[in-house]
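Okay, here's what each chain looks like letter by letter:
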Amino acid sequence: MIDLFVVPLLKILVVLNVTLVCVTYMVLLERKVIAWAQSRLGPMRVGPYGVLQPIADAVKLMIKEDITPTRADKWVFTAAPVISMVPALIVYAVIPFGPEVTLFGRTFTLYIADINVGLLYIVSVASVGVYGIILAGYASNSKFPLLASLRASAQLISYEVAVTLTLVSVILVAGSLSMVEIVRAQEHSHVWFGFIQPLAFGIFFIGGLAETNRAPFDLPEAEQELTGGFHTEYSGMRFALFFLAEYANMIVVSSVATTLFFGGWLRPFPNVAALNFLGIIPSWAWFGIKSFVFLYIFVWVRATLPRYRYDQLMRLGWKVLIPLAIINLVVTGIVKVALM
Amino acid sequence: MGHAIAFYTLSAFILGFAVMVVTTPDTVHSVLFLVLDFLFVAALYVLLGAQFLAVIQILVYAGGIVVLYLFVVMLVNLKRAPEAHSDPHRHTKIGIGLAAATLVELAVILAYGYARPAPTLAETTTAAMPVVGNTQQVGWLLYTSYLIPFEIASMLLLVAMIGAIVLAKREL
Chain A
-13 MIDLFVVPLL KILVVLNVTL VCVTYMVLLE RKVIAWAQSR LGPMRVGPYG
37 VLQPIADAVK LMIKEDITPT RADKWVFTAA PVISMVPALI VYAVIPFGPE
87 VTLFGRTFTL YIADINVGLL YIVSVASVGV YGIILAGYAS NSKFPLLASL
137 RASAQLISYE VAVTLTLVSV ILVAGSLSMV EIVRAQEHSH VWFGFIQPLA
187 FGIFFIGGLA ETNRAPFDLP EAEQELTGGF HTEYSGMRFA LFFLAEYANM
237 IVVSSVATTL FFGGWLRPFP NVAALNFLGI IPSWAWFGIK SFVFLYIFVW
287 VRATLPRYRY DQLMRLGWKV LIPLAIINLV VTGIVKVALM
Chain B
3 MGHAIAFYTL SAFILGFAVM VVTTPDTVHS VLFLVLDFLF VAALYVLLGA
53 QFLAVIQILV YAGGIVVLYL FVVMLVNLKR APEAHSDPHR HTKIGIGLAA
103 ATLVELAVIL AYGYARPAPT LAETTTAAMP VVGNTQQVGW LLYTSYLIPF
153 EIASMLLLVA MIGAIVLAKR EL
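Residue numbers (the working numbering), protein chains in the order written: chain A, -13 to 326; chain B, 3 to 174.
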């Protein structure tokens, strides 16, 4: 009974809350890092060095007036933010934060579920997330959000192909679809897949930037052309849901990149005994550190690179990334068969 | 018991949403009910222990094909019903004919299923399948027992793809 219901529910509670706190602090990290990149200080007023800024932001967004335009499609308008937030959160069901820990005489696994089709689950849940954006643009009944949502969904669908193809080559190397098994395969082969599949990782990360609508692919919210993007008509907490979903998706991409390409919870060189002292840092902390590096790169890229033009974005996706991903997949398959 | 309750609940939702798909006046809403319907069908697959099929159902249907439907419906403004749509009885005869044909087809399939029950997956799996796990078993069956249908389906998809390219490209 306890193992069937109580433990998974507690895990879900912990993962959900930790994720949401991480998401809010991700906003602060972004503002701070961009400020430093531009020789500013960033938020400094709320708390020491502005560390309480996310809480102030959350309170502000919650007490703001929530407006539904009169001509909007009310049901869809209300559902759209929820539809974009939910997939970003339920992905964490299969992400392994570590192997087992013993706590109060019980053994817990540091993941909510280890399903046979874990990686496919992530891809399919992410593919449902695009509805939030399309519907937000449609339901607002306003031209800029509609244009932005068409752009966003075209972008998401295009880059999804390349990203999924890179995942297939990782599956070929790992021989499993389960996220836990993929990490274990990296432990057994003594090398992180990011080093066997550098091209796949590169395409995955670029595709991840595009799928989360981040700079340099943040065309769906190009202020200069589209006022505010697909969420122009949203205000208050509903706007906040879109905003948080973007950051939650960034954390998802970072976690998946960590798990698939950089050994998940494994410490560096798990087979080298001389580095055993690194074991004092627990497995979940290694996972956190690696994911943080990717999140930092997300922000770094935004602070550094200018935005692509729309035709450049499509050309990059269809004429560069997808062919490269296919070549990578074919070569991986040939090498795998040759080594067998 | 719990299995039966879950099955009938899911089936009720699936049928309910299917009815909503055809009765909702707004086309975009009807596409959304279709998505919900597909998600519940995926839940039904999970209940049957076919996780791979469930995930593929969401990935291909809910996340892929219906997004394209939604694009089409959004772009060809259907808010104001065209003239042809105003007469509800314009296709009654064809409708009844099609419904009767579908019913006969279903009856034949059901009768055939009762007369000659298909081997269950458990029977096929015991017949020397060297792999374990849902995905591996689907793959194994596709490349052994169902190789020819699988290849024909992939040829069909290739033909459709080439056709789409030829149609979309003005000069080749």
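It is possible that some hints are incorrect.
[To be verified] According to the in silico footprint, chain A covers these stretches of chain B (three or more CB under 8 Å from chain A): (1) 3 to 11; (2) 26 to 38; (3) 62 to 69.
[Claimed, not checked] If you want the ones that stay clear, here's a sample from chain A, every Cβ over 10 Å from chain B, calculated: (4) 18; (5) 84; (6) 120; (7) 124; (8) 260.
Calculated directly from the structure, the hints in this document are not laboratory data.
Note that the Cβ used here is the ideal one computed from N, Cα and C, for glycine as well.
Now the hints, each set against the structure:
no.	hint	in the structure
1	3 to 11	violated (count 0)
2	26 to 38	holds (count 5)
3	62 to 69	holds (count 4)
4	18	holds (35 Å)
5	84	holds (23 Å)
6	120	violated (6 Å)
7	124	violated (5 Å)
8	260	holds (37 Å)
Of the numbered hints given earlier, the model fails hints 1, 6, 7; all others are met.
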